[in-house]
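Below, each chain spelled out in residue letters.
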Amino acid sequence: MTVTSARRAAQLGFLQAIQQAQHEEMTRDERVILMGQDLRANVFGAAQGFLDDFGPSRVRDLPLSEAASVGLAAGAAMAGLRPIVDLTVASFMFCAMDQFVSQVAKSRYMFGGQARLPVVFRQALYYHGGTAAHHADRPYPMFMNVPGLKIMVPSNGPDLKGLLKTAIRDDNPVLCFEDATLWGRHGRGPAPDGDDHLIPFGVASVPREGSDVTVVGIGGGVRHALDAAADLAAEGVSVEVVDPRTLVPMDWPAILASVAKTGRCVVVDPANRTCSAASEIAAHLVEEGFASLRAPVLRVTSDDMHVPFSPKLEKQIYPSKEKVVAAVRRVLGMEK
Amino acid sequence: MTVTSARRAAQLGFLQAIQQAQHEEMTRDERVILMGQDLRANVFGAAQGFLDDFGPSRVRDLPLSEAASVGLAAGAAMAGLRPIVDLTVASFMFCAMDQFVSQVAKSRYMFGGQARLPVVFRQALYYHGGTAAHHADRPYPMFMNVPGLKIMVPSNGPDLKGLLKTAIRDDNPVLCFEDATLWGRHGRGPAPDGDDHLIPFGVASVPREGSDVTVVGIGGGVRHALDAAADLAAEGVSVEVVDPRTLVPMDWPAILASVAKTGRCVVVDPANRTCSAASEIAAHLVEEGFASLRAPVLRVTSDDMHVPFSPKLEKQIYPSKEKVVAAVRRVLGMEK
Amino acid sequence: MDLKRELALELLRRMLRIRLFEEATIDLFHAGELPAMVHLSIGQEAAITGACLATETDDYMTGNHRSHGHPIAKGAGLDGLMAELLGKAGGVCKGKGGSMHLADFSVGSLGESGIVGSAIPVAVGAGLAADVLGTGRVALCFFGDGAANEGVCHESMNLAAVWKLPVIFFCENNGWAVSVRATELTSVENISVRAAGYGMPGVTVDGQDPVATYEAVAAAVARARRGEGPSLVEARTYRFHEHAYGLRVKNAYRDQAEVDEWWRERDPLPLFRRRLLDEGAADGPVDAAVLDAIEAEVRAEVGAAVEYARQSPYPEPEEAYRDLYHVEEVPA
Amino acid sequence: MDLKRELALELLRRMLRIRLFEEATIDLFHAGELPAMVHLSIGQEAAITGACLATETDDYMTGNHRSHGHPIAKGAGLDGLMAELLGKAGGVCKGKGGSMHLADFSVGSLGESGIVGSAIPVAVGAGLAADVLGTGRVALCFFGDGAANEGVCHESMNLAAVWKLPVIFFCENNGWAVSVRATELTSVENISVRAAGYGMPGVTVDGQDPVATYEAVAAAVARARRGEGPSLVEARTYRFHEHAYGLRVKNAYRDQAEVDEWWRERDPLPLFRRRLLDEGAADGPVDAAVLDAIEAEVRAEVGAAVEYARQSPYPEPEEAYRDLYHVEEVPA
Ligand SMILES: Cc1ncc(C[n+]2csc(CCOP(=O)(O)OP(=O)(O)O)c2C)c(N)n1
Ligand SMILES: Cc1ncc(C[n+]2csc(CCOP(=O)(O)OP(=O)(O)O)c2C)c(N)n1
Ligand SMILES: [Mg+2]
Ligand SMILES: [Mg+2]
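Same order as they appear, the protein sequences are chains G, Z, B and S.
Here the first sequence stands for residues 1 to 336, where the numbers follow the working numbering.
Here the second sequence stands for residues 1 to 336, where the numbers follow the working numbering.
Here the third sequence stands for residues 1 to 332, where the numbers follow the working numbering.
Here the fourth sequence stands for residues 1 to 332, where the numbers follow the working numbering.
Take these hints with a grain of salt, some might be off.
As the list claims (entries may be wrong) - Partial chain Z-side listing against chain B, Cβ under 10 Å, derived:
1) Q11
2) L15
3) F50
4) A73
5) P118
6) D171
7) V206
Said to hold, decoys possible - Listed next, with one range per pair, are the computed distances between beta-carbon atoms:
8) E33/S / A234/Z: 57 to 67 Å
9) A260/G / E288/Z: 52 to 62 Å
10) E288/G / L133/S: 26 to 36 Å
11) P285/S / G49/Z: 53 to 63 Å
12) W263/S / E215/B: 30 to 40 Å
13) E184/S / G49/Z: 16 to 26 Å
14) Q48/Z / E23/S: 15 to 25 Å
To be verified - Every beta carbon over 10 Å from chain G, so not counted as near; a handful from chain Z, in silico:
15) M97
16) A133
17) D193
18) S276
19) P296
20) M334
Keep in mind that the hints were calculated from the coordinates and are not lab data.
Computed from a predicted model, the values in this text were never measured in an experiment.
Using N, Cα and C, we set each Cβ at its ideal position, and we do this for glycine too.
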């Protein structure tokens with residue numbers, strides 16, 4: 001009982017991870033500032049006490065002006081600040097797409113390396129909860145097509161904290177996508193100690209080792225992968241789960257190594273199917289790991305459909321444990 | 001000599017194809033209107049005489065307001081017009097990304113089918129000509145990740161004409177990407193007769209048949225595929241070139257059938273590599289055509305880099321005949 | 001008051017429809033029957049209704065996330081709207097749009113937008129269609145004080161103005177964008193001053209007064225129909241409930257006293273009722289029994305809508321896979 | 001004139017730098033040495049120079065596709081700029097940016113933008129950094145009359161105004177956006193009237209007069225440094241050449257007579273020279289020999305820049321693959 005409580009107390013969820021990472025880094029470096037819509041009132045729950053602790057100059061509520069907000073952060077970064085911008089919901093990024101592509105991603109390259117852009121953009125993948133089509137996008141694959149950005153899609157609180165802290169210290173622009181299906185208990189993990197928990201970009205984790213098939217999970221997809229792995233273990237199928245954690249840079253060696261071992265791969269990606277991160281992983285695997293592939297790489301993604309509102313319609317379009325199990329069986333020839 | 005001239009006279013290039021398609025369809029249907037920046041002065045060369053022929057109400061110069069221009073067209077389409085919007089350069093689409101995603105692509109679905117959006121957006125892929133990073137994007141893969149849009153990337157004037165006419169008659173939104181490397185002679189093809197040249201979406205063409213390897217080309221990539229095929233024929237390699245012409249819908253049966261025959265595939269795509277159309281094609285092939293694959297599917301794409309200005313830097317980052325030849329050799333095991 | 005009885009009573013009826021419809025959604029929320037939070041227009045009924053009744057049914061309209069009031073005031077049937085909120089097959093969008101994305105094309109409602117500001121140019125486009133096709137229709141565009149700072153709002157106003165399109169930009173300035181006071185996000189007190197930057201008329205009216213709002217919008221509509229271009233009408237109003245019903249904001253951001261005062265002094269429904277009784281209509285007095293009857297009728301309508309929505313089945317799973325594209329019916 | 005001699009002569013010098021630099025690019029174009037078309041600021045030198053000289057070297061600046069004049073007036077060396085236009089390794093952006101994307105961080109030039117309007121918020125961000133870090137710097141933001149209709153321009157102005165950031169929005173209203181007259185795209189005659197919509201000062205000045213421009217911007221800079229927030233200064237000017245040098249527009253869209261008249265009556269260089277000679281500076285007369293000497297110096301500078309650019313090697317192919325990310329140098 002006491003042990004259980006202690007273990008519970010030592011869990012770190014998504015919102016606390018953000019709260020801690022941002023607070024620690026703002027304490028560490030005065031140039032870090034935090035801006036977002038409805039931040040001071042802490043509407044999204046990860047900015048408690050920031051206004052008191054860091055003052056109005058460093059904690060700012062943004063108007064509904066996403067394009068200017070993103071360009072503002074780029075300019076501020078080029079002029080010596082290290083902004084974190086909380087864009088709240090990833091669907092709002094479209095309003096600022098030109099600023100992401102033309103200013104954030106291109107400025108350093110176009111200007112021959114004169115610019116540095118230490119800036120982090122945070123946004124939730126706000127699907128699976130009845131928000132309907134205008135709030136439920138999972139657009140990170142579109143940004144993977146844009147050179148010059150780094151992209152993280154963590155699958156648990158501790159990773160989120162460690163990657164976000166790394167992102168804030170990075171001199172390059174980072175997009176931090178937060179899968180809202182992990183806001184609650186699904187996103188919890190053992191709380192790291194101290195305020196120096198840094199996870200490097202481009203290093204995958206392997207939350208479960210196995211030998212029959214590799215399941216690469218992205219964000220909330222990792223959970224489905226792990227759940228499926230547990231079910232399949234009961235049938236004697238040994239699943240290795242790989243979580244790339246950052247999509248740019250991607251830890252290709254880790255993914256290739258796992259598939260070299262298992263010869264089979266399923267990718268679980270909450271994004272829309274066409275031109276998804278899963279597509280990229282499959283394409284890369286076939287290009288670089290063809291010799292080790294003993295079965296087709298299958299993608300378990302969201303269907304190419306907008307997100308319908310009705311609770312009776314929505315969930316079926318996303319990846320699920322059941323879909324992962326079915327895909328694993330298929331690559332193992334266990335069913336047609 | 002006379003024959004040659006006649007043959008020349010019967011060629012249709014990119015700009016005339018656009019000019020003809022738009023003129024014919026505006027003549028055919030009064031609800032079709034044409035809007036774009038610098039259209040009346042015909043800066044881009046495909047709108048000669050439109051103002052005189054159709055009047056100022058149907059031929060309009062847009063201000064520099066890309067987001068509103070796209071939303072305007074969506075609204076006009078929902079209220080009974082059939083707008084064509086010439087956005088000129090594909091890089092400018094980012095300014096309107098939210099309108100493409102949230103209004104153009106989603107309105108019909110979100111509103112349960114109440115809306116119809118007969119609207120065409122035209123934009124050039126303006127790379128390869130020293131325009132540098134802000135004008136040279138090839139962003140169609142980003143739009144492939146957005147459900148609800150149709151996407152055409154023709155490789156020659158006759159296809160452009162036939163597809164554009166189909167697009168204008170379609171009751172769904174179509175993005176027409178025009179590869180500017182094909183504006184000149186490379187984009188010419190035999191001029192079709194009459195004003196009824198319609199090419200359906202989702203039907204690939206096979207500009208060259210072969211048996212050893214399939215090369216799928218997109219837009220300007222088709223030219224490199226054909227050039228490579230000609231070179232390789234001299235060495236006894238038989239290349240089949242498949243041009244999907246539309247990326248959404250994609251003619252999967254045609255691509256799979258070709259690869260079923262050849263067992264090998266190279267995809268030539270001028271887009272940035274990560275999450276490109278080539279990635280999608282490779283992923284789909286391995287998923288659905290794994291049994292027929294005798295070699296890895298290789299992607300010949302642009303490198304994941306912004307477009308540098310200097311003529312000494314730019315061209316190397318794009319696909320080329322040489323890169324296609326090298327990839328074909330690799331899938332044939334002719335070199336490491 | 002200057003309005004004829006029929007119009008005045010219709011204003012009241014539609015304001016009541018919004019109020020009682022939304023009160024019903026609150027009940028549904030507490031009963032656990034709503035699949036998601038809802039953004040209520042309670043407190044803003046006069047502004048919305050005054051604006052909508054200045055247009056005809058076949059005029060166009062677009063709106064935003066605070067969306068129930070707009071189609072209701074435009075004349076949409078309550079059944080389909082309520083069923084939509086519940087995600088039912090009988091919903092006006094077949095359960096696919098939900099609270100933030102209502103639309104009823106049969107009354108010119110081309111859609112609300114969960115992306116704030118995003119539907120503004122759509123209204124301009126509808127105005128363009130009216131202009132090119134010569135239908136004489138106008139487009140009414142609802143947006144909030146927060147949305148006024150979106151770039152697309154600026155682009156849309158300039159475009160409508162330079163082409164003299166028949167558009168009425170109608171800003172519901174309720175003083176707040178979620179948790180932030182409008183004056184902390186917007187560099188001017190009245191959004192309407194921005195109209196001068198587009199060379200169009202701009203006016204600020206009391207949004208708790210349906211008559212003032214109606215008259216301002218009617219003038220703008222008349223101007224638009226004369227081909228003289230767009231106008232901006234700003235209605236000062238107030239959001240009586242939390243940003244979204246069911247949302248719990250961590251830090252208090254507005255004084256309860258401020259909210260209480262609006263409820264007490266500026267609730268548009270009792271204000272208008274009192275005025276109708278005190279002043280009567282232009283063509284005669286109005287008595288309480290009539291008003292009570294209207295309220296009873298609306299209450300019954302809303303009750304029926306809730307019943308309809310509850311009875312309506314959920315959509316079949318395949319419904320999720322329809323309507324992405326328009327597919328030509330193949331003639332038999 | 002009110003200006004001291006040193007400043008007046010520096011205005012002339014920088015105007016001449018722009019003019020002669022761009023005339024050299026015309027020669028290079030005809031000689032086939034330019035890899036791409038260039039957007040010339042010829043005719044707009046007074047506006048640009050007046051604005052830039054009202055700032056300090058360490059103040060920030062962003063601009064647009066019509067980009068050569070901005071860094072030149074801000075004090076960038078001509079060698080690196082000219083080499084950049086030729087795509088050479090010695091270019092200020094190592095040959096990767098080119099004509100539309102010049103930047104010289106050493107003089108506060110944070111970059112021009114080929115995407116029209118896109119760098120406007122970047123200037124606001126630089127102003128934010130100055131504000132948060134308390135450096136006292138300001139940000140000067142160049143944009144055109146066409147760019148004024150981009151949504152991000154609106155968002156940026158509101159944001160700068162509501163946060164009282166030290167930004168000077170400087171509109172080069174040259175009457176045209178490519179082939180369309182400004183008044184056909186913009187619903188107001190003067191962009192500066194839009195300032196009122198953000199509660200900031202807005203003023204229109206004669207952009208052919210460097211002194212008037214300087215004074216207006218100097219006042220805006222002083223205001224910004226006092227912490228009173230942004231201003232909008234609009235300079236009425238004219239594009240003397242085609243939109244881009246080398247572009248052939250199919251249909252004639254502006255009268256040659258209009259162009260000729262501007263060349264004849266409103267060319268800022270002879271106008272300012274004449275005025276210097278006629279009025280002298282505040283602290284004494286100016287004589288022709290001094291002006292001739294400056295012109296000779298600038299001519300030599302430009303000649304040297306062309307020489308430098310020609311001699312500079314092309315970048316190595318690998319250069320295309322550098323600078324996408326900042327990579328921490330690993331300490332030896
Ligand atoms: C583009 C975009 N940014 C942010 C949001 C999140 N959001 C929803 S409503 C809202 C406030 C809108 O304020 P206002 O326009 O005044 O409308 P109100 O809610 O007051 O009716 C915000 C920030 C959104 N939905 N869309
Ligand atoms: C976002 C965007 N839209 C369109 C263009 C194409 N374009 C380049 S310059 C220009 C006109 C710009 O007009 P203005 O801002 O007045 O600047 P000027 O060229 O007159 O100096 C246009 C339409 C572009 N580069 N970027
Ligand atoms: Mg509001
Ligand atoms: Mg201009």
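A quick look at each hint next to the structure:
1. Q11: Given a least distance of 33 Å, the restraint on Q11/Z is violated.
2. L15: Violated, about 26 Å.
3. F50: With a minimum Cβ separation of about 15 Å from chain B (threshold 10 Å), the hint on F50/Z is violated.
4. A73: holds, 6 Å
5. P118: It holds, given that the least Cβ distance between P118/Z and chain B is near 8 Å, below 10 Å.
6. D171: holds, 4 Å
7. V206: violated, 26 Å
8. E33/S / A234/Z: 57 to 67 Å: violated, 38 Å
9. A260/G / E288/Z: 52 to 62 Å: violated, 23 Å
10. E288/G / L133/S: 26 to 36 Å: violated, 46 Å
11. P285/S / G49/Z: 53 to 63 Å: holds, 59 Å
12. W263/S / E215/B: 30 to 40 Å: violated, 53 Å
13. E184/S / G49/Z: 16 to 26 Å: holds, 20 Å
14. Q48/Z / E23/S: 15 to 25 Å: violated, 33 Å
15. M97: violated, 4 Å
16. A133: violated, 5 Å
17. D193: holds, 36 Å
18. S276: Check fails; 7 Å does not lie beyond 10 Å.
19. P296: Non-interface label on P296/Z violated, nearest chain G Cβ at 4 Å vs cutoff 10 Å.
20. M334: holds, 16 Å
Figure legend: structure checked against the earlier numbered hints; hints not met, in rising order: 1, 2, 3, 7, 8, 9, 10, 12, 14, 15, 16, 18 and 19.
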